[in-house]
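Protein sequence lines correspond, in order, to chains A and B.
First residue of the first sequence? That's 638 in the working numbering, and the numbers climb one at a time after it.
First residue of the second sequence? That's 65 in the working numbering, and the numbers climb one at a time after it.
To be clear, the hints were calculated from the coordinates, so they are not data collected in a lab.
Treat the hints with care, as some may be off.
Taking lysine-lysine pairs in the DSSO-like style, the calculated list, with each CA pair at most 30 Å apart, reads [to be verified]: (1) K686(A) - K73(B); (2) K73(B) - K108(B); (3) K698(A) - K73(B); (4) K698(A) - K108(B); (5) K121(B) - K686(A); (6) K108(B) - K121(B); (7) K686(A) - K705(A); (8) K108(B) - K78(B); (9) K73(B) - K121(B); (10) K121(B) - K78(B); (11) K78(B) - K705(A); (12) K698(A) - K686(A); (13) K108(B) - K686(A).
Facing chain B, according to a computed beta carbon distance under 7 Å, are these residues of chain A, among others [said to hold, decoys possible]: (14) L683; (15) K698; (16) G699; (17) G744.
By construction, the Cβ of each residue, glycine as well, lies at the ideal position given by its N, Cα and C atoms.
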Amino acid sequence: AQSVTQPDIHITVSEGASLELRCNYSYGATPYLFWYVQSPGQGLQLLLKYFSGDTLVQGIKGFEAEFKRSQSSFNLRKPSVHWSDAAEYFCAVGTNFGNEKLTFGTGTRLTIIP
Amino acid sequence: NAGVTQTPKFRILKIGQSMTLQCAQDMNHNYMYWYRQDPGMGLKLIYYSVGAGITDKGEVPNGYNVSRSTTEDFPLRLELAAPSQTSVYFCASGQGITFAAEAFFGQGTRLTVV
């Protein structure tokens, strides 16, 4: 069975600083990987996804993520954060083979300080 | 475009009561999912459906039931509410992982069992 680990429960960064959120997955085959963002009181919105091809993927709101098979990682990055980026971020792994569903990590809460 | 609509947004139940959380999508998606979100635990899959008439258990199905009589609707039933079911419930829909498709989430239902 697949699993996702987000080792950082809470991260605080200054506005304008760079950001990296960590995600490690466990899955026997090539994974489908996603990053979602959840603003307070809202549902989840897709930031970006990786299925195949270029291991550096670009998403919305200036985010990017890099798939590293050797490290089983899919870390999310942003060069310069904005106060509006404060939210909770979830990494997820998807599987197919007839039981298509997403398995989520426990999330990382991002706080932005002025 | 409504997307995924969940009702109600908030509900307080007494122990032993039953209720149905409604979920409807207007995107003609085959796949629909129910997740629960607890603090620090991320999202756990309760049930999912790959099409009308087909449902399957997720990670935490105990105490819940679902049905999928139409493509649009995927209600979640709690028969005998327990305090452990206090959570935020999210419904999602999508075209399926294999189609490189994202899952679209509703705004959530906050349920408290007292």
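Here's how the hints hold up against the structure:
1. K686(A) - K73(B): holds, 29 Å
2. K73(B) - K108(B): Given pair K73(B), K108(B) holds - Cα atoms ~19 Å apart, limit 30 Å.
3. K698(A) - K73(B): Roughly 27 Å separates the two Cα atoms, so the pair holds.
4. K698(A) - K108(B): holds, 26 Å
5. K121(B) - K686(A): Within the cut-off at roughly 25 Å; holds.
6. K108(B) - K121(B): Roughly 11 Å between the alpha carbons, so the hint for K108(B) and K121(B) holds.
7. K686(A) - K705(A): holds, 14 Å
8. K108(B) - K78(B): holds, 23 Å
9. K73(B) - K121(B): holds, 24 Å
10. K121(B) - K78(B): holds, 25 Å
11. K78(B) - K705(A): violated, 48 Å
12. K698(A) - K686(A): holds, 14 Å
13. K108(B) - K686(A): holds, 20 Å
14. L683: holds, 4 Å
15. K698: violated, 15 Å
16. G699: Since the shortest Cβ distance to chain B is 18 Å, the answer is violated.
17. G744: holds, 5 Å
Taken one by one, the earlier hints fail for this structure at numbers 11, 15 and 16, listed in ascending order.
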